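Chains as they are written, first to last, in my numbering: chain A, 1 to 254; chain B, 255 to 417.
Wrong hints could be hidden among the right ones.
[To be verified] Not everything, but these chain B residues come out facing chain A in the computed CB check (under 7 angstroms):
| id | residue |
| --- | --- |
| 1 | 272 |
| 2 | 305 |
| 3 | 306 |
| 4 | 309 |
| 5 | 331 |
| 6 | 335 |
| 7 | 338 |
| 8 | 391 |
| 9 | 393 |
| 10 | 397 |
[Unchecked claim] Label-pair distances were calculated between CB atoms; the ranges are:
| id | chain 1 | residue 1 | chain 2 | residue 2 | range |
| --- | --- | --- | --- | --- | --- |
| 11 | A | 81 | B | 334 | 33 to 39 angstroms |
| 12 | B | 406 | A | 155 | 32 to 38 angstroms |
| 13 | B | 395 | A | 157 | 24 to 30 angstroms |
| 14 | B | 406 | A | 149 | 24 to 30 angstroms |
| 15 | A | 95 | B | 295 | 54 to 60 angstroms |
| 16 | A | 221 | B | 334 | 43 to 49 angstroms |
| 17 | B | 293 | A | 207 | 57 to 63 angstroms |
| 18 | A | 224 | B | 406 | 50 to 56 angstroms |
| 19 | B | 263 | A | 222 | 57 to 63 angstroms |
| 20 | A | 222 | B | 272 | 42 to 48 angstroms |
| 21 | B | 395 | A | 199 | 36 to 42 angstroms |
| 22 | B | 386 | A | 152 | 22 to 28 angstroms |
| 23 | B | 328 | A | 157 | 43 to 49 angstroms |
Keep in mind that the hints were calculated from the coordinates and are not lab data. If you're wondering where the values come from, they're calculated on a predicted model, not measured in any experiment. By construction, the Cβ of each residue, glycine as well, lies at the ideal position given by its N, Cα and C atoms.
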Amino acid sequence: MTTISKDDLFTYALRLGDDSLILGQRLGDWCARSPEMELDMALMNVALDLFGRARGFLTHAGAVEGAGRDEDALAFRRDIEAFTNVLLVEQPNGSFADTIARQFLFDAFDLPFMEALTTSADETLAAIAAKAVKETAYHLRFSAEWVVRLGDGTEDSHRRMQTALDALWPYAHELFEMDATEDRLCAAGVAVDRGALRGRFDDMLRTTLTEATLTLPKSAWRPAGGRQGRHSEPLGLLLAEMQWMQRAYPGCSW
Amino acid sequence: MSADRRAWDALDGVHDPEIPHVSIVDLGIVRSVTAAPDGSHVEAALSPTYSGCPAVSVIELDAEMALRQAGFRSVTVRRVMAPAWTTDWITPRGRDRLTAAGIAPPAGPAGGKGALLGHAPQVACPQCGSLHTERLSEFGSTACKALYRCRDCLEPFDYFKCL
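Chain B on its own, in the form it takes in the complex (with noise of 0.2 angstroms):
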């Protein structure tokens, strides 16, 4: 197995710990791996979902701590602002992840106008699947949620928000 093979699948056993259903690598966080061919050496670089998520600092951490177990000796873990991180990066699996852990995938793509006045998205319910469901509070348990219900099988539920 080629190291970059190597560094990315370390990076897949990361989660990030307020998501832990879905990688770090489905959430499209991880932006670049850079690997030396001999494993001595390895630059993931990572980028934020919110500017003030308090989770950056942990997933950078857990990062080190992968790269490290797989081998690699000299590990940097480089934080990268732009270009700025959306919800679009999320891989179809780590959607798919999403909706088995009751969180529904961002609707639509991220950018645009929706988020301003009105326009809210139509989200489907990952228990029942049903669009007749309405938002609860614009804000949910993570800065990158929403909190929505299920006015059929009437249950409370996570939104990831696009952004």
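Bound conformation, chain A alone (with noise of 0.2 angstroms):
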């Protein structure tokens, strides 16, 4: 049997975890500002889900650790550099297409490997990813359904939702990059090996683009760096205003 070294799998829940804070974080600045009263709701349910699991996933990193730091103490009491998140949750929410197109790469993504995580040899993850897969299952159909409405609606919005597919798919390679830490413990039953995920994820985008009347990008840039903590500005910025109460004032509460 394989032992699982305590700093893999720690580091292993802080990436999902920190994927998922970082990407509610975003999608909550959208609260009151929405176009419709309907999308506001739907961005913010989606936001809470993300929320539920990255507390889950940061307390289970937390623990693993061993060295006393909370789901709070993560989240609030990081730098920049400790912060693992992929680049493409980080990306500004800039218009509504931009938003719609960064969270459909991610559902994308995310519903198979949320899948494949249920089976997980560690049963906290397991059952974080057992709850989270019913979820994204909603967040996919609504974030689809958006790429296909604004895709396939005016000149205007099929521009737009181009511009944006074409701006963030880059950024989506990185959710399938696997390192030597992820390698151990796919060997190990306990991490998803992404690079088996893609097929699906190229199914979804080809399918859905197609019915949106959009055309799948090119770009061959590939831009990754975030499990390292190489950030782009705008993380700092989020960081900036979600961390300033705990900055400022540490450990308080109400």
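Hints given; two lone chains; assemble the complex.
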């Protein structure tokens, strides 16, 4: 039997937590600013689901680490270099089309990912995934429907949706990257083989974009580095807003 | 009355603040109750409906209060994630009460691929029973509901999503 290193498991749970936390925080910025009230509720519901699983992943990471850090310490008192989310989720909200493109790319990856994680040898990760997979099916239905509605909509909405997809598409590749940590956990049955999900992701994209009369972007650019803490500038601004209260008044609560 | 029965009855008086018409027992979120026969201790296991459900802490607190008021001196309320809660666990009585409160209960079994593209379930209007309804929004007033409208009686209504 393969032994699982504590460091590896901490890193993995942290990555999953950071992806959910940062995307949830991004979506939260739409609160009371969405194009329609129904969209406001939808985006906030998706954000809540993401925060829910972020809490589970970060709490687990803290417990595995065993250094006394809880979900709040990990969310609010780490510097930007210590965040391990993929670059896709930290990209600014932009227009509604940009937000939908980012969400769709993430959801189309996240559904097969969470499905696979339900069989993880780590019981906590598997339990969080079992909950998440059902929620993500709804997230994907929402974001895919909007890709179609905007893509197959007016000339203006079509143009905006295509521009948004072209801009965010390069960031999708990082979702499928494995490294030595995840390879070891994968061999131990804990982590998901991200590369194996690519086929389903590509199928989902092809089907949806065809229906949306959109073109699959062709850019060969593959930005990465989020897992190593190399982030884009917008994440710093997001963290400044998200963390200021705990930074100014450490441990404050109400 | 056995200590177990007393605990279940107490929990049957606790409600999700966002769905006040149905008890947490009828919602199926009480997974197990283990009470010491002499009533000195009780442990209840609850599973959250949605991972980000903001009502979870309130429900757990209310459950603890209800068990204390039922005479248990030592109370443990445990949160269980696996197996994940499903709308299949809502009891027939719970479904009736949802309908009576104007909330359409989940149509069909959970976990189908229906939540994916295109296959919206056929939802009956809780007011007039018509199946001539349409979805206004995938996400409604709370994480667990979608917003529908009846095309016959024209009333909008909440639909409890299959999960």
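Practice task
Report the numbers of all earlier hints that the structure fails to satisfy, in ascending order.
Solution key: As far as the earlier hints go, 1, 4, 5, 23 are violated by this structure, in ascending order.
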